[in-house]
Every structure is written in structure tokens, then in C-alpha cells.
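Peer 1: Work out the full structure: start from the sequences and follow the hints.
There are 2 protein chains.
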Amino acid sequence: MSNPTAAMLVIGDEILSGRTRDANMHHLARELTRVGIDLAEVRVVHDDAAAIVAAVRALSEAFDTVFTSGGIGPTHDDITAEAVARAFDTPIGIRGDARAILAAHYEARGQDLNEARLRMARIPEGATLIDNPISAAPGFTLGNVHVMAGVPSIFEAMLASVLPTLTGGAPVLSQSYEVRRGEGDIAAPLADLAARYPELSIGSYPFIREGCHGAQIVIRGQDGARLDAAMAELAGMFPA
Amino acid sequence: MSNPTAAMLVIGDEILSGRTRDANMHHLARELTRVGIDLAEVRVVHDDAAAIVAAVRALSEAFDTVFTSGGIGPTHDDITAEAVARAFDTPIGIRGDARAILAAHYEARGQDLNEARLRMARIPEGATLIDNPISAAPGFTLGNVHVMAGVPSIFEAMLASVLPTLTGGAPVLSQSYEVRRGEGDIAAPLADLAARYPELSIGSYPFIREGCHGAQIVIRGQDGARLDAAMAELAGMFPA
Chain A
0 MSNPTAAMLV IGDEILSGRT RDANMHHLAR ELTRVGIDLA EVRVVHDDAA
50 AIVAAVRALS EAFDTVFTSG GIGPTHDDIT AEAVARAFDT PIGIRGDARA
100 ILAAHYEARG QDLNEARLRM ARIPEGATLI DNPISAAPGF TLGNVHVMAG
150 VPSIFEAMLA SVLPTLTGGA PVLSQSYEVR RGEGDIAAPL ADLAARYPEL
200 SIGSYPFIRE GCHGAQIVIR GQDGARLDAA MAELAGMFPA
Chain B
0 MSNPTAAMLV IGDEILSGRT RDANMHHLAR ELTRVGIDLA EVRVVHDDAA
50 AIVAAVRALS EAFDTVFTSG GIGPTHDDIT AEAVARAFDT PIGIRGDARA
100 ILAAHYEARG QDLNEARLRM ARIPEGATLI DNPISAAPGF TLGNVHVMAG
150 VPSIFEAMLA SVLPTLTGGA PVLSQSYEVR RGEGDIAAPL ADLAARYPEL
200 SIGSYPFIRE GCHGAQIVIR GQDGARLDAA MAELAGMFPA
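The listed protein sequences derive, respectively, from chains A and B. For the first sequence, counting from 1, position 39 maps to 38 in numbering that gives the first Met the number 0; every step adds exactly one. For the second sequence, counting from 1, position 73 maps to 72 in numbering that gives the first Met the number 0; every step adds exactly one.
Hints may be right or wrong, so weigh each one.
Computed from the model, here is a short list of chain A residues facing chain B with C-beta under 8 Å [stated by the list, open to error]:
(1) Arg18
(2) Leu38
(3) Val44
(4) His45
(5) Arg116
(6) Glu182
(7) Leu189
(8) Ala193
(9) Ile207
(10) Glu209
Covered stretches of chain A, as calculated for chain B (at least 3 residues, CB under 8 Å) [unchecked claim]:
(11) 199-205
(12) 223-230
Derived by calculation from the structure, the hints in this document are not laboratory data. Don't be surprised by glycine CBs; every beta carbon is placed ideally from N, CA and C.
Peer 2: As C-alpha cells, then:
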């Protein structure tokens, strides 16, 4: 498949400690699949500047687009914006457009735009703001990296505004078929099918249900007719 | 913190496509925190040999221990064992001890140890087997890399047998405190607290509930008395 590629960088001690179960990765994976972008790698790192800088550099060089999640709030452990700026050797400071958004938001609520909140107006030079319809503090796009919030509702809203700006390839279609036999019984015919449809991706995902082994066979590809043909062969091999 | 470090490598197109939501990362994160090992990085890559080899090499050099999840079944897309062997420049082939385990398992069930199932006896030279009490096919440990199954019940069983063999540091204790105010109001006193307790990790995890902003403040560290002192200060700053 020659679809555009993407990577995700999740920044969060709370994920790595097991306190929180990540939700943004799963949401991003589904959304990118829907628009035909291949999510090729995900990394999760600590709230640690060196780790974030290294990962942003590696992923932004290797993939067409990078999404980050987390670490852009007002507290001392929110260091993503600085780290992304450093990864691109770009200056960062409080920017007038971001400050104006925050000032209007807090003024309307009778709240003070204090020093901590002002940190959320720190945006790298040349970055484009990403709208935050939920709590105002913007994300930003610098180079091919989209820096977004970790709170799932805000991450999802930011993604919804970024996605239409990306050029997706043809959507990847998928069909699945459940086989109620152990993978060992189906591996050989499945490998044969995969060899005859090299343009499709055929995956086998085993499960154990009520003590019985089975596998969900998922076929993915961009050519619907070929997908249908492979699925028909598969169903013929393993009648329900 | 000078606890041992660990990384995880999740191998799975099904995670990256959004078809499946990963469960093993969350389970591993909780278990490692419990025994005092710092899960420092997670990567998710495609069922792609080059991607697996590169990630195994990078993670096994950077961290004390690496856990992999997925890609060790009998089907054509299960390439983890070969890729890990290649990452360590180690020969791989069908090994007698693994073959004997599989032969006994399938014989007891009147099933054929066919060519596909035999692939699960492919174990790198010098690796130690990891017991699979659920479906027999073993994982293995090569160098500092523990290669385990992707099916959650099997991953969890394998982890349970590997964990006692690792030397954990002191367990990391954590306490959390909910503040019903926006992060912007609490950021400055929180940064001050963090500066006075440099041996503790203080994280702020914002949420929106019933339209109101709040934050869960999580303090982690290995010294229970210092943790208690910091928590008492925090509660004093933001009475419930």
C-alpha cells in the first residue's frame, strides 16, 4: 500500500504507570484507517524533554505525519510544546494570537489569565494553531507534527479539525471472517491465500472463547473487487 | 528514581488499524509499577520484520528489560520470533524442547502437530522458554527481551511467570488527590510543591466532568514518609 503514513507520540507518565488506560491511540487508529492514512508506529514516552525531542525527531523524519497527545496544559509537567520546538530547533514564546484566544476565553468566564494559563500561549514560531472548541487553549502544527491535548474529548475535537487538512489516500477497506478452528489448522491454506493476493493484507487474530480456539481473519486492501474475491475464497475454504 | 527500566514492543497491525484496542500495555504498566520497575517506553509497530528488528535493537540497548507482545502464533503473519533472532544475530530453528511441549499438547488432544503448528517450536539458540499454561506454545527470553503472546490471557500468564525472575527495585508508591479547579488555578502552587520535593514525581491529569474542570494530582515516589508529607501539603493548599 502506498498510502500516506502517520505516527503517534503519546506523552504521559500516567499511561506508562498504568494509572490511565490510553484512549487516544485507539481513536486515532480508527480515524486514520477511515480516511486512508496508514498509522505505522506509536510510541509512548515519559513527560521527559529528552525522550520527547528524540521521538519527535525520529518519527517526523520517518513518517509523513506525526500526532502527539498530552503535555500541553498549564502545569509544570506540561513540556510538550517546548520539546517539539527544540526538536525542530525553532524558538518558542508567548504568541499574540494564542494569547488573544485565551484572554477572550477567561475574560468571558470572569477568570484570571494568570502566569500558568499564559504558558498555554507558548507556541513555536511559524506554527499554525489548532482550534480547541472545548477549553480554548490551542494545539499547534509545526512542520509535519500536530501537537494536541491528552484529554480525550479535546484530542478528538482537535483531530476532527486537523484531519480534513491532510490528503488521505484511497480508504483501506476491510472485511473479516471468523473461523472456529485453531490457527494451526488454518495457517497453511491462509499462507497460500496471502501469496495469491499479494496486494491485500491478510491477518489472523486468534481468540479463545468458551474454551475453544478460533481466529478472526481480517483482509484489508484498497481494491474492493479483489477483497471480495479473496473473502469468497476464504469462506469456501472454511465454511461456517 | 533509579529503578530498573523496561520497554514494551507491541507487534500488531490490528492495534494500528484500530480494529483491536490494546489491553496488554495497560496490564504490563500496572504490573511493572506494582513490582517497582519503570516502564519507560512503549512502541507499537506493524507485523513487519524490518520494523520489529529495528525496535528490538533500539529498546534492548536503551532499557534493562524489553517485553514484546504478539506475532508468535503459527500463521504466515507471525514473524516475531525470526525478527527477534535477527535483531540479536542469533540462529533460529525448531528446538527439541519446544517441539516436545507442542507434541505432548496436541497428542493429548488428538490433534496433528502439523507444519504450521511446528513453526511455534522455532526458538532462537540460547533462548530460555517461557511457559504457556493456556495453549502450550511457549514464549522465550533472548538476552534481555521477553517474547510473549498477544492474546491477553496468554500474555498475562506468561508475564506472571517472568516477573518473579526480574529484580525489581523498591515499589513505587502513589497517592492521588482530586482538585475541583482548573489546572490554571493550581499550576503555580503545584510547581512550587514539586520544586520542594524533587525526589517525588508530581503529575497533574486534567479532566472535565459535568462541564467543570478539575485535575487529579498524582504523587509518586519510593519514600512513603515524604509522600505523606507532600500529600498533606497538597491537601492543605486545596481543601476539599
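Peer 1: Hint by hint, say whether it matches the structure.
Peer 2: Structure-based check of each hint:
no., hint, result
1, Arg18, "holds, 6 Å"
2, Leu38, "holds, 5 Å"
3, Val44, "holds, 5 Å"
4, His45, "holds, 6 Å"
5, Arg116, "holds, 4 Å"
6, Glu182, "holds, 5 Å"
7, Leu189, "holds, 6 Å"
8, Ala193, "holds, 6 Å"
9, Ile207, "holds, 6 Å"
10, Glu209, "violated, 13 Å"
11, 199-205, "holds (count 6)"
12, 223-230, "violated (count 0)"
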